[in-house]
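**Q** Residues per chain are reported as follows:
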Amino acid sequence: MLDQEGGLVRGTLDLLILKAVSWGPRHGYAVAEWIHYITERELLVEEGPLYTALHRLEKKGWLASEWGYSEANRRARFYRLSASGRRQLRTEASLWDRYARAVGRALAASVPSTA
Amino acid sequence: MRRVFRLRFARRHLEDEIDEELRFHLAMREQSLVARGMAADAARAAARKNFGDVATVRASLLTLDQERERTMQRATFVDELRQDLMYAGRMLRRNPVFTLVAVATLALGIGANTAIFALVDAALLRRLDVPQAEQLVAVGNTARVGARSSGGPRADLLSYPAYQELQRRSRSFAGILASGRTPRLFMTVESSSTEPENPRGRFVSGNYFQVLRVPAFLGRTLAADDDANVGASPVVVISHDYWTRRFDANRSAIGRTIRINGAAVTIVGVTPPGFSGEIVGTNADLWIPLTMQPVIMANDNLLKDPRDAWLLLLGRLAPRHSLEQATSELVALVPRVLNDISPDADFTRSVANLTRSDIYVGDGSRGFSSVRATFFAPLLTLMAGVAVLLLIVCANVANLLLARATARGREMTLRVALGAARWRIVRQLLTESALLSLLGAIAGVFVGWWGSKLLLDIGADGGGAIALNVAVSMPVALFTMVASLLAVVLFGLAPALTTSRVNLASAMRAQSRSVAGGRSSRGGRTSPTRVVIAAQVALSLLLLVGAGVLVRSMWSLQNADIGMDREHLLIANLDARAGGYTGERFPPLVQALVQRMQRLPGVVAVSASENGLFNGTESTSTMSFEGFVARTQDDSLANWDEVGPGYAHAIGSRIIEGRDLTAADHGGTGGGSVLINQTAAQFFFHGGPAVGRRMQMDSMFYEVVGVITDAQDHDLRAMPVRRVYFPLLTPLEIGPLRIIIRTSGNPAAMAPVVRREIIAQDRNLPIYGVEPLSTLLRYSIRAERLVAKLAVGFGALALLLASIGLYGVMSYAISQRTGEIGVRMALGARPADVVRMVLWDATRVVLVGLGVGLVISLFAMRLLSGQLYGVGALDPAAVITAVAVLLMSGALAAFVPAMRGARVPPVEALRES
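Chains as they are written, first to last, in the working numbering: chain A, 111 to 225; chain B, 17 to 929.
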């Protein structure tokens, strides 16, 4: 269930990264900050694996990177969503949604059998 | 540009990027912690702790990035290749005339090379199509497939007793097969009344198929017990091809009885498709057990006497034995075996004189072949010639490309200006060349396939077909590929480099002017196209001189004085023994046939002989002459023949001393009179009188009655040999009988009449052929004729290509110099001056090429001298003709564009500039 990338269900971090850059190019630090903020520091325990995930997604072609300048005018590597990355985000998100809803329904159930 | 950079420094570059990215992250985190009030040192430590193990992450990032980089490069390469190919395809489609000319030229060059190489492969290189052919060892001279020798012991052919002993005593082989020629076979199918046909057969030992490891396709092959007893195995195995051709691939053929030369034999099996025997150049239709030889050839048993040598052997090496071991064993064993089976003291003495070079043992993986020996040197000559032709073809296509480079100068300038790297442009242009070459190679394979068949037809020269399997095999395909790749580099690289050498600044300045091409920007006239043209002229000269010399050599051969009336002789080739004419029955047959021919209108003289002229057999024996002391064994050897009355007159020889043989010299049981030739008289009597001297052969005494001029009767190229003519009209036991008819008119026209007369004499007398001497002569030099014809073809092609090239270059040069010409004419130059100027311009290029070509020819032609007859390697007539032809075609090729240039009105010319 858990893997080494911050103790997350496999694929969850990928999904979060794709979501993080869906509004426009972001550098790795900004992605980390967004995930910390949005998940209230619940999900991303270590930041190193985040970079492994970023580079893996770039290799898959879902992210593209280019060098630019940060708000503080420092050279930084910016990631943005590619067309195939955007498609991937859409599928993964809807899958996740269905999964979460199904599990939620199951946990809320009060009847022991279908009969 | 960045991609090139990444290609070279990929790893460094990726590491730097990763470090910078991680540094940025840690710095940002540290900053935010400091902003929240943490001390600088503590913040740095916390940032690192937050991150995890930096080194591990860094390593995994590098791996990921390198993988990504590789995938991208591959994708880029494929992508660019597709782009290049599509672009190249578009360019070729847009210039259909250029493409057609280039592809056709290349197809010609590549096809010609493929055709010749297919022949080389089939005749010289390819192994027999049997399992583990490399284990086969040949014993005997592999070229003497159709030979038979009676007399002294020899090791280039083996007798049946010698074969049996070798098979029994050698230890190096798992098995040794023997095969020997058959006479002409007459085959009829039992219970059908068709005319007999003449399949090609071979007498083979019973273990033939086991040694070759060829299984039966149908029925069975021969077995070892098929040659256990003489005449006891009336069976025959036929080839898949013959089975299909003659028996409609019908299974009922197995078990059918057929008649071969009168003997009834049963078909027991069919060989697998593709198997055609151990002889390269002839496809056997059927195989008959050796022990059936006395049955098939009535009255002629070749199995008993060790002096009847007619077999070639092929041994399969025993496991863990090498060719070297087998060779050393046989070199020792063959003389011992011959000695042990020797029938008399003469034979034993001659065995003792055999040397190492008399014993033939060698690689047998390529089987036996007489074609191989005949065509070895010619094929290599042709291979060299056709390679030169390919060079010329490449030069021509290179010139076409260079000419086009000019037209594409602006396109290249634009691409460079837009940031294309030079190597990208070179690659693009080479892709175009490769595409051209590929199209050329595809067309070339067809040209080659068709060409090699055509070559075989030309090579056969009306004689027997040369059955070589010239299918486009793996080595041939490989060869074609290498040839076309070579072509790409040769014709593509120079134009690509020239075209891509764009000087942006000057190109922009020149605006509408072209950039690279006919005249270099340095203002001189040594442009690549001119160099290519000069090279073409040089190579063409080489081919033309070669062709000229070979043609002259062929003419010398065809017109050499051969000491006979070469244009008026007709030779009927019969088999007296097979017709039943032996002993006392023989002389009357010869006399009757001669008289019949003498009565025919248009016949000048008639005689007969055993060995015939140019189509027959040779006999060599030891003889002794009165007053002659032999110093070596060879000194007492002479060639001999048995000839009818009036022989010297009949063949058109001249009598130098004494008289011709007459009917009175014949008859009786031996002894009597002989004729000798000039060479023999010189050798044995040292120029002294020969008539009246006595000589001895086979313990019979003869008296020399005449000396005749040397006749070149079996080989045009050989030096005249010592020859003795014995009387034919005695009760002989000979097979071949040749009736020689000297006609007043065209001998070929007499052939049908002569044939009718022979049939009228005895319809059961086998006729092997009735042919004019000139036809036999031509056939004997068919390899030379093939080479001469092809060399002329290659030379003509080279000339054509060089002329086209020169024409193109001069046309372009004129178009470049229109302005200059305009100025000249405006200043008073006449059109004739312009023409002269252009012609001189072209002639200089040609002259340079001729000079270089002469030097090349000087060296290259020496390699040819071994194949020449009656003409020097640098025959002045051939060289002068070649130079003149090239100069004239050069002038002609330049004249047309020159006239065009001279006709341009000055005003227009000036405006154009």
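Think of the hints as simulated: they come from the structure by calculation, not from any bench. Some hints here could point you the wrong way.
Stated by the list, open to error - Derived list of chain A stretches under chain B, where covered just means 3 residues or more per stretch with a C-beta under 8 Å from a C-beta of chain B:
#1 128-137
#2 192-202
What the hints assert, rightly or not - From the derived model, a few chain A residues whose C-beta atoms are all more than 12 Å from chain B:
#3 121
#4 125
#5 143
#6 158
#7 175
#8 180
#9 211
#10 212
#11 217
#12 218
#13 220
#14 221
#15 222
Think of the CB as a built atom: it goes at the ideal place given N, C-alpha and C, for glycine as much as any other residue.
**Q** Any of the earlier hints contradicted here, and which numbers?
**A** Result: hints 1, 2, 5, 6, 7 and 8 break, sorted rising.
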